[in-house]
Amino acid sequence: MIRLFPHPMLSLSQFQIKTQHHFISPAFSLTLSLPGNYLLAGRNGSGKSLLLAALANNGTPMAGVRECKVSIAQVSIEMQQQLIAEEKQKDSADILDVIATPTKVSELLEQGANNVERPSKDTHYTEHPVYQELINVLRIAHLLDAEFLSLSTGETRKVLIVLAWLSGASLILLDEPFEGLDAKAKQDFSKFLSSQQQASLIITANKLDDIPDDFNANLLVMKDLSVAWQSDQTLTTEEIRYQLGTWFALESEDIMLPAPLSEHQHSVPETLIKLNAGRVSYGDRVIFEGVDFQLDKQEHWQISGQNGSGKTCLLQMFTGDNPHCYTNDLTMFGIQRGSGESIWDIKKHIGIMSNALHLQYKVNTSLENVILSGFYDSIGLYSKPSNTEREKAAQWLAVLGLSKYADSPFQSLSFGDQRLALIARAMVKHPALLILDEPCNGLDEFNRVKTLKLIEKIVAQGQSTVLYVTHSQRETIAGIQHHLTMEDYHPA
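All letters in the sequence shown, in the order written, are residues 1 to 492 by the UniProt record's numbering.
Among the clues, some could well be false.
Derived PhoX-like pairs: lysine-lysine, alpha-carbon spacing no greater than 20 Å straight-line [as the list claims (entries may be wrong)]:
no., residue 1, residue 2
1, K404, K207
2, K223, K207
3, K384, K348
4, K453, K207
Simulated from the structure, these hints should not be mistaken for laboratory data.
Just need the whole structure built from these sequences, with the hints factored in.
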């Protein structure tokens with residue numbers, strides 16, 4: 001029988017448990033409103049199983065508070081191992097001169113159902129509303145008379161799934177529920193999960209194939225043993241897969257960025273930027289002064305500073321978009337500014353992603369064309385790209401996990417994925433210098449982490465030197481070791 005509560009919820013407040021392996025979990029804080037389904041996504045080791053164990057109180061509480069107003073059943077490898085261990089313990093009863101009788105699957109299901117309060121004990125567990133459906137979906141009718149300990153790993157997982165629903169729980173936690181299931185069973189069980197109405201579900205996923213079809217749910221994303229992001233509303237399967245496509249792609253440890261096109265490579269000197277005693281003022285107002293800055297190949301820099309400290313002004317000097325580039329002793333790619341040089345001789349070495357560019361990129365064009373426009377430094381695509389350029393654009397879309405959206409309008413993407421696409425646009429020609437001006441501005445935590453992950457991959461690959469600009473000194477990227485703080489050059 002499903003137990004009902006006036007205000008169903010499950011809440012953790014700095015709650016920690018010690019698992020059966022004596023591992024103490026992180027302190028989780030999370031409130032789930034029920035009824036409702038949740039998809040808990042993250043790579044292996046991100047903390048999904050630990051969070052499920054804490055939600056189920058499957059361990060020894062160590063700290064914090066857990067408030068639970070729902071009945072819970074859990075399907076996981078740990079629960080599977082526990083059930084097998086319990087049956088093996090029964091099987092060892094012969095040391096007491098008792099002949100052990102192996103438990104059949106049907107007996108195990110009956111035992112599990114008998115532990116649940118039902119309206120009438122005359123009602124057999126096989127009359128449970130979803131019993132026969134699950135037996136058919138999971139294809140285990142032929143196993144009901146088999147000894148439980150004789151089953152394969154996948155078969156014992158199927159039995160545990162049936163037990164979860166027979167328990168009458170109003171919340172079922174499913175840790176990688178498709179693990180061990182054959183293709184047909186997975187397809188049918190996916191449909192069951194989307195249609196069943198007995199319980200709210202929390203399902204873990206570490207790849208897109210783990211997401212049931214037609215499954216509407218709130219999305220929680222795990223990273224580094226904590227919840228990195230949570231949707232503020234229920235999402236459709238398509239929306240969930242869209243959000244996670246980029247996340248899973250960028251979280252992959254073996255991701256490789258596309259190689260450059262040889263025709264777009266330019267030879268540059270070892271020193272890319274040299275600024276001596278840089279100074280910018282407007283009338284009597286001095287923005288910064290005394291900036292000595294040298295950027296060499298593969299010496300990645302982070303420039304930080306509060307609003308008005310001169311970060312953007314300094315960048316615009318480097319890109320030739322501020323007239324102070326001519327009033328300062330500034331050398332770009334071996335070219336002294338103000339020597340009659342062409343600005344395009346400098347800009348051809350630079351890729352840039354900024355808030356200003358994002359605001360300007362309002363043309364009605366496809367995502368693929370946005371990536372391709374990076375070869376021509378244009379907003380929109382007005383030249384016919386080569387087949388090789390199209391291949392490179394396709395490779396970048398694959399890296400971003402956005403291949404299926406290649407023909408979608410750029411404006412139809414989420415704000416975060418537009419940012420990622422514009423970074424790829426800046427990188428597609430593998431510029432000697434990649435300037436990223438506040439790329440995380442306006443992003444929620446989920447999209448911020450995605451963006452930082454892509455930048456880390458670019459830094460690690462080492463084909464472009466990165467100049468990363470942010471207002472936050474605490475925002476760091478692995479591989480960037482040099483730091484310029486603009487407040488240090490503001491006049492007293």
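Now for the hints, and whether the structure bears them out:
1. K404 / K207: Satisfied, since the Cα-Cα distance of roughly 16 Å is no more than 20 Å.
2. K223 / K207: Roughly 14 Å separates the two Cα atoms, so the pair holds.
3. K384 / K348: holds, 19 Å
4. K453 / K207: holds, 17 Å
The structure is consistent with each of the numbered hints, conforming to all of them.
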